[in-house]
Amino acid sequence: MNIKQLLFVAVAVLLAADVHAQAIFGTVRTTAGVRIEGVLIRGTRVSPLQVVTTTTDASGGYVLGASLSGTYVVQAIEAGYTFTPTTSNVTVSGSSVMVHFTSPSTVPAATTSVATNVTATSATLRGSVNPNGGATTAYFEYGLTASYGSVSSSVNVGNGTNSAPVSINVSNLLNGTNYHFRIVANNSHGTRTGSDMNFPTLSGIPTATTGKPTDAGATTIRLNGSVVPNGANASAWFEWGPTTNYGNITAVQALGGGTTTTHFSQVVTRLVTAAIYHYRAVAMTSFGTNYGADVLFPPGFSDISAGLPGIWRGSASWGDYDNDGRLDIVFIGSTNTSNSTLAISQVWRNTGSGFTNINAELPGRNTGIHGNMVAWGDYDNDGRLDLLLAGLSNNLSLAPLCEVWRNTGSGFVLNTNAVLPGVWNGSVAWGDYDNDGRRDILLTGVRASGAIAQVWRNTVCGFTNINAGLPGVNYSSAAWGDYDNDGRLDILLSGLDSNAGVITEVWRNTGSGFVNINAGLPGIHYSSVAWGDYNNDGRLDILLAGDTGGGFISQVWRNTGSGFININAGLPGLAGGSVAWGAGRSSQFSRPDLLPAHSTRNKS
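The letter at position 274 of the sequence shown is residue 274 when you use the numbering used here, and the numbering goes up by one with no holes.
Bear in mind the hints are in silico, worked out from the structure with no lab data behind them. All clues stand as given, with none of them false.
Have a look at the derived ranges for each label pair, beta carbon to beta carbon:
no., residue 1, residue 2, range
1, Leu342, Asp294, 45 to 53 Å
2, Gly288, Ser163, 37 to 45 Å
3, Asp294, Ala254, 22 to 30 Å
4, Thr351, Ile466, 34 to 42 Å
By construction, the Cβ of each residue, glycine as well, lies at the ideal position given by its N, Cα and C atoms.
Please put together the full structure from these sequences, using the hints given.
See below:
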């Protein structure tokens, strides 16, 4: 086609003609028929059917031609155009002629947006469409490549002239897979596509985390866990039992198909008191199953409401002083927190149905600020448990004392031959460390010369310090126990050492002395410690409570034979009090229960 393009002079303005179209007008000079968005201009000087398609310039004008004269016909060849002036004949004789075209709708505009609500098998595809005045529909192409291959359902976008949002959900996608997609808009004037975008579907394989148990009772506990479903509907439960083979499962819980952490819990009942259990969280979707870490727990311990008086600056110990086969209780301390001179020392007899004060007429003692300063032990081998008492008397101006009180069968009398260093803020304990058949004394605490930790050997005629080399500890506790089953009593001690550091240490009895085994226990002061085989595995475990310097703790550490591990027993944090093991009530498994004296030190 040979068109002589001469001169274009167009000053055009784009105005809104109506809600469906654009108003276009300008100065026309032409020698050829030109299609202007559906308009044909024909003249006598060219072939009457010659059609040239053109577009507006930046100011809205059209290139039509110039330097003309003659009569031309402006004719609509598509429906929807009107003209001003209404005549279709335009005479041009070297001057400008104004022709006003009212145009119909045009092809739509389409923009692709980011996909949302992505799961393992579905997603919401998003975009926007401007119908540009024509009745328009929209849909999405999607697939594993930019060639797509799949088409979503379609939606009607209307025939407006403003951009409208479009979102369509697609499903049956592959999990853990990257997808491409774009929006497509179509009306009677043509089709437009948005740019290519992509998104990955989620894996759908859940993650499971085992939490710490809570709400422990004597035979019940709440198991806790959390799951991230990762975009697929997840179910979760707990496996639990006496070993890592578990053997029991809780009820299955539906947790939905979200992408954030979802917590769940389950109470288990009919547990064996003080037994050790394992458990873990389990999560499953149609895409896979995952397991949380194994966590150990024992059931909790319950208060039997024995009716004992509350004490402060106190200490307590189990012992069958009257040989009736039931463990009795001795304790010392103050009954008035605002007046520490009200010290008591009492023995409470276990009657089988409760406990009663025997009014033993022992001198009142308290530990000072802290201590575990009373202990049962048959030092003279007469078959009756005697008492070792230490601490401050009612007269706080006097030096601390440490005394042996002999059980005569009808009461208790002071042994004046036992001359021991008085201590407070410490601990005393009986134990035959040298296997000579006589109970020796372990004591810790503070006196005018500073903190001490000493072993005093029972020589029949009295007691002598063996200079065991233990670190002196204040606000301390100590206990005998053969943790390694070599037939020799070892030492567990804790407190504030001479360097103002908190320690908890196991000192092994080698037969020729004591050595620190570096057991890895948490250092505590204002502390209480005790040995006891709570799980009947033949190895002594550790119960400890105190102030770490960063908070109060009460913990049970299991003796594995090669070290000690915290079983997370769920006990309340305690400092400045006393703890002990003992068969305080009947149990077919004969496992020891706990006796905590519920006093705490005000850290402020």
